[in-house]
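Can you build the whole structure from these sequences, using the hints too?
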Amino acid sequence: MKSLGIDPANGKEMFLKKDGTITYTWSGDEMVIIGDTEPDAQGSFGFNLRYKNLSLFASFMYKFGGDAYNSTLVTKVENAKIYEENVDKRVLRQRWQKPGDNAKYKDIKNQDGYTKPTSRFMQKDNEISLNSITLGYDLDSKFLRKYKFGLVRFELGANELFRISTIKQERGTEFPYAHSYNFSIKINFN
Numbered sequence: 032m033k034s035l036g037i038d039p040a041n042g043k044e045m046f047l048k049k050d051g052t053i054t055y056t057w058s059g060d061e062m063v064i065i066g067d068t069e070p071d072a073q074g075s076f077g078f079n080l081r082y083k084n085l086s087l088f089a090s091f092m093y094k095f096g097g098d099a100y101n102s103t104l105v106t107k108v109e110n111a112k113i114y115e116e117n118v119d120k121r122v123l124r125q126r127w128q129k130p131g132d133n134a135k136y137k138d139i140k141n142q143d144g145y146t147k148p149t150s151r152f153m154q155k156d157n158e159i160s161l162n163s164i165t166l167g168y169d170l171d172s173k174f175l176r177k178y179k180f181g182l183v184r185f186e187l188g189a190n191e192l193f194r195i196s197t198i199k200q201e202r203g204t205e206f207p208y209a210h211s212y213n214f215s216i217k218i219n220f221n
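Heads up: the sequence shown runs through residues 32 to 221, numbered per the working numbering.
Quick caveat, the hints were computed from the structure, so don't treat them as lab data.
Don't take every hint at face value.
The calculated BS3-like cross-link candidates involving lysine-lysine, where the alpha carbons are at most 30 Å apart (straight line), are [said to hold, decoys possible]:
no. : residue 1 : residue 2
1   : Lys199    : Lys217
2   : Lys49     : Lys179
3   : Lys179    : Lys217
4   : Lys94     : Lys199
5   : Lys43     : Lys179
6   : Lys173    : Lys120
7   : Lys140    : Lys120
8   : Lys107    : Lys83
9   : Lys135    : Lys94
10  : Lys135    : Lys33
11  : Lys94     : Lys129
12  : Lys94     : Lys83
13  : Lys48     : Lys135
14  : Lys147    : Lys48
15  : Lys94     : Lys147
Written out as structure tokens, the structure is:
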């Protein structure tokens, strides 16, 4: 349902009905399509640099122009269980508290159970992430010839090093962002 935000007078969420009238009551009959989850652009890019015996490879992914419903704001901020679990600072600092407050979240005393889906939690979904990076070093060819090696290469790599997003949300504990690091030695014999 289309949200007009939190009413500064009373801390309740205001909704815009299809006929243009304003109400405080959410209704499934008044649901409208808001946003588009399909990004305008998405893809990947990378580079591979080499200087003397050093090489550097990096791979990035991006998406821009889509919209997403930020359920983290609903479950961890709007409907936070302040007496049962640790909470985000936004739970107390960005809430309506007194008449005249312009706030993102309803009055903490107005915990009527479940916040229904509204446009208030739709956000632009733009992100870029560094998927992988590898730094390599090839031993000097004089050493290789002396010991009859075709190649000796050391590589240090990492995956999922960073992610920059317009949406601050939890990914969850089942599939967290897992940074991984690796070291390898490649040896070819002549």
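Going down the list of hints, with the structure as the test:
1. The straight-line distance between the Cα atoms of Lys199 and Lys217 is roughly 40 Å, outside the 30 Å bound, and the hint therefore fails.
2. About 78 Å separates the Cα atoms of Lys49 and Lys179, which puts this hinted pair outside 30 Å; it is violated.
3. About 14 Å separates the Cα atoms of Lys179 and Lys217, which keeps this hinted pair within 30 Å; it holds.
4. Of the supplied pair hints, the one linking Lys94 and Lys199 holds, its CA atoms being roughly 15 Å apart against a limit of 30 Å.
5. A distance of roughly 77 Å separates the Cα atoms of Lys43 and Lys179; the hinted pair therefore is violated under the 30 Å criterion.
6. Taken as a hint, the Lys173 and Lys120 pair is broken in the structure, with Cα atoms around 60 Å apart against an allowance of 30 Å.
7. Note on Lys140 and Lys120: the hinted pairing holds, with a Cα-Cα distance of about 17 Å set against a maximum of 30 Å.
8. Restraint check: the Cα-Cα separation between Lys107 and Lys83 comes to about 51 Å, which exceeds 30 Å; the hinted pair is violated.
9. Of the pairs offered as hints, the one joining Lys135 and Lys94 holds, with about 26 Å between alpha carbons and a cut-off of 30 Å not exceeded.
10. Proposed proximity of Lys135 and Lys33 is supported: the alpha carbons are some 15 Å apart, at most 30 Å.
11. With a C-alpha separation of about 39 Å, the suggested pair Lys94 and Lys129 falls outside the 30 Å cut-off, and the hint is violated.
12. For a cut-off of 30 Å, the pair hint linking Lys94 to Lys83 is broken: about 34 Å separates their Cα positions.
13. A C-alpha spacing of about 20 Å is found between Lys48 and Lys135, which places the hinted pair at or below 30 Å, so the restraint holds.
14. Our distance criterion of 30 Å between C-alpha atoms is met by Lys147 and Lys48, whose separation comes to about 15 Å.
15. The suggested pairing of Lys94 with Lys147 holds, with an alpha-carbon distance near 28 Å, which does not exceed 30 Å.
When each numbered hint is compared with the structure, violations occur for hints 1, 2, 5, 6, 8, 11, 12.
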